[in-house]
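> Sequential numbering from 1 applies to the sequence shown in the UniProt record's numbering.
Hints are supplied without guarantee of correctness; some may be wrong.
Computed list of lysine-lysine pairs in DSBU-like fashion (alpha-carbon distance at most 30 Å, straight line) [to be verified]:
hint, residue 1, residue 2
1, K203, K156
2, K134, K203
3, K134, K85
4, K149, K203
5, K149, K134
6, K203, K269
7, K254, K156
8, K145, K156
9, K145, K134
10, K254, K149
11, K156, K85
12, K85, K145
These aren't lab readings, by the way, just hints derived from the structure by calculation. Quick caveat, the model's predicted, so the values are computed rather than measured.
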Amino acid sequence: MSAALEQEQFFQLVYEANESNKLVEASSTASEFADILDHFAETGREIVSPDVFASEGTILYLGGVDESVRVQALSPSSAAITSCKTDVVAKLMTNSTTRCFRRFDPNDLSVAVQVSTPVLDLLLKADLENSDSKQLGWQAVLSSKVRTKRTSQLVKVGHHGSVNAHNDDAWSSMVAPNPLAVVTPYSRLADPLPREHDIQRIKSLTNQLYATTWPPSSRPPRRRGVDSDVGSATKVRRALHREPGFVRVRFSIKQTPSTPTIELYGSAKQL
1 MSAALEQEQF
11 FQLVYEANES
21 NKLVEASSTA
31 SEFADILDHF
41 AETGREIVSP
51 DVFASEGTIL
61 YLGGVDESVR
71 VQALSPSSAA
81 ITSCKTDVVA
91 KLMTNSTTRC
101 FRRFDPNDLS
111 VAVQVSTPVL
121 DLLLKADLEN
131 SDSKQLGWQA
141 VLSSKVRTKR
151 TSQLVKVGHH
161 GSVNAHNDDA
171 WSSMVAPNPL
181 AVVTPYSRLA
191 DPLPREHDIQ
201 RIKSLTNQLY
211 ATTWPPSSRP
221 PRRRGVDSDV
231 GSATKVRRAL
241 HREPGFVRVR
251 FSIKQTPSTP
261 TIELYGSAKQ
271 L
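Work the whole structure out from these sequences, hints included.
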């Protein structure tokens, strides 16, 4: 969980929204968050928060033989957390009604992670995007003094392969040449991600690109009398895959060199 969510002001806002319903409507994401926290408390769980809150440089896991496996958070940056804290405080200072917490654009609070093993590294880019500020997004990761300088042979492509999450410097300095790359499509758009130009951009960097589901969606069949009814209820109408897919990558941390094995399930496909 992002360290931005451990701020005292965040929890104060959540509970005020849930108990008094003065700041946020009952159907809001804030109230839903409060209900989750209440559920943990009511079920008697001793731990109601993550063991570690993720932020730039945080070690999320250290284990394996001789502690040879390390999971390090690359984001969010201190500036992103401060920005979130300031925004939450502003919510507490207002008497107006709002449905949900502000959505940061770009996803500065997203937790990107690097997994280091004795034989391979994995870069999980999450939904982190580029920013105009050197203190936010991938710009903050690249300028970080605490991140590992190792390159990754496996990469989970960021933000469904969209161009606003692509950073040439991150690919050249943090990712090994021709890595094994996996992208997770996003189908809830009129033009789903990744788009054709996104695929070509990623394939210019690797010939080992896999999608967890492909194609993401298709145009539904047209039926007289149905289209008008559906069109009045929704702006975007797509036919989703009936069968979900996933990509499983395995490798041994005891063998050097270690060659990953790739298994495709459901609608997963190599692009």
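> Each hint: holds or not?
A quick look at each hint next to the structure:
{"no.": "1", "hint": "K203 <-> K156", "in the structure": "holds (14 Å)"}
{"no.": "2", "hint": "K134 <-> K203", "in the structure": "holds (27 Å)"}
{"no.": "3", "hint": "K134 <-> K85", "in the structure": "holds (19 Å)"}
{"no.": "4", "hint": "K149 <-> K203", "in the structure": "holds (24 Å)"}
{"no.": "5", "hint": "K149 <-> K134", "in the structure": "holds (18 Å)"}
{"no.": "6", "hint": "K203 <-> K269", "in the structure": "holds (14 Å)"}
{"no.": "7", "hint": "K254 <-> K156", "in the structure": "holds (23 Å)"}
{"no.": "8", "hint": "K145 <-> K156", "in the structure": "holds (23 Å)"}
{"no.": "9", "hint": "K145 <-> K134", "in the structure": "holds (13 Å)"}
{"no.": "10", "hint": "K254 <-> K149", "in the structure": "holds (22 Å)"}
{"no.": "11", "hint": "K156 <-> K85", "in the structure": "holds (29 Å)"}
{"no.": "12", "hint": "K85 <-> K145", "in the structure": "holds (23 Å)"}
No hint from the list above goes unmet by this structure.
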